[in-house]
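**Q** The lines below spell out each chain.
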Amino acid sequence: ETGVTQSPTHLIKTRGQQVTLRCSSQSGHNTVSWYQQALGQGPQFIFQYYREEENGRGNFPPRFSGLQFPNYSSELNVNALELDDSALYLCASSLAGGGRAQYFGPGTRLTVL
Amino acid sequence: AQSVAQPEDQVNVAEGNPLTVKCTYSVSGNPYLFWYVQYPNRGLQFLLKYITGDNLVKGSYGFEAEFNKSQTSFHLKKPSALVSDSALYFCAVSQGGGGFKTIFGAGTRLFVKA
Numbered sequence: 001e002t003g004v005t006q007s008p009t010h011l012i013k014t015r016g017q018q019v020t021l022r023c024s025s026q027s028g029h030n031t032v033s034w035y036q037q038a039l040g041q042g043p044q045f046i047f048q049y050y051r052e053e054e055n056g057r058g059n060f061p062p063r064f065s066g067l068q069f070p071n072y073s074s075e076l077n078v079n080a081l082e083l084d085d086s087a088l089y090l091c092a093s094s095l096a097g098g099g100r101a102q103y104f105g106p107g108t109r110l111t112v113l
Numbered sequence: 001a002q003s004v005a006q007p008e009d010q011v012n013v014a015e016g017n018p019l020t021v022k023c024t025y026s027v028s029g030n031p032y033l034f035w036y037v038q039y040p041n042r043g044l045q046f047l048l049k050y051i052t053g054d055n056l057v058k059g060s061y062g063f064e065a066e067f068n069k070s071q072t073s074f075h076l077k078k079p080s081a082l083v084s085d086s087a088l089y090f091c092a093v094s095q096g097g098g099g100f101k102t103i104f105g106a107g108t109r110l111f112v113k114a
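Chains as they are written, first to last, in this note's numbering: chain A, 1 to 113; chain B, 1 to 114.
Calculated from the structure, these hints are not laboratory results.
Source: prediction; values computed, not measured.
Where is the CB? At the ideal position from N, CA and C, for every residue including glycine.
If you only want the chain B side, here are some residues facing chain A, beta carbon under 7 Å, derived:
(1) G43
(2) F90
(3) T102
Chain B is nowhere near these chain A residues, computed Cβ spacing over 12 Å in every case:
(4) P8
(5) L11
(6) I12
(7) Q17
(8) S65
(9) E75
(10) E82
(11) D84
(12) D85
(13) V112
Generate coordinates for the entire structure from the input sequences, incorporating the hints supplied.
**A** If you want it as structure tokens, here you go:
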């Protein structure tokens, strides 16, 4: 059974640039959620994808967008990067439905200069 | 609105002693409650969850948690702490009935001294 993987591990961008982060879900999981974890804080929910459609969204602006592919892998895109976007971005996969445990990838560390 | 509070930034306990990491929550309707652990340089790992039923739920690595509806709490416990339990622990809540949004607490760092 393959766990959740994310790429790249680390990324450095400058303010105003765009970035794409990638996630491969755990085998058999059809739902992917993305979280932003700032230093010293808990993960903040960005959005969730199910069956290639956004299934819910947290308090993040539209410049945060995503995709889910037929194989359930996913991308997180962030446009017009700001310094405050510097954080660890976590992807989590699960089965659909409420009350499901989520299985997290190791994260992508994004630094915006 | 959903919210989770972990009132302690850090919990210190001696190896072999019982440990408790506290969590309180606020959610409309019935909650789904979770505990996750984050080890250094590793992703969050699922420990246990409460959906319905017995208020005491058991999870991985000997951890358990008690759901208390009247106190809106979901404290994480272990009868005998190990040094290897030292990590960052997160409580999380989502709304029952298929709610998609999971809210995490700020985390509590557990330090177990040998």
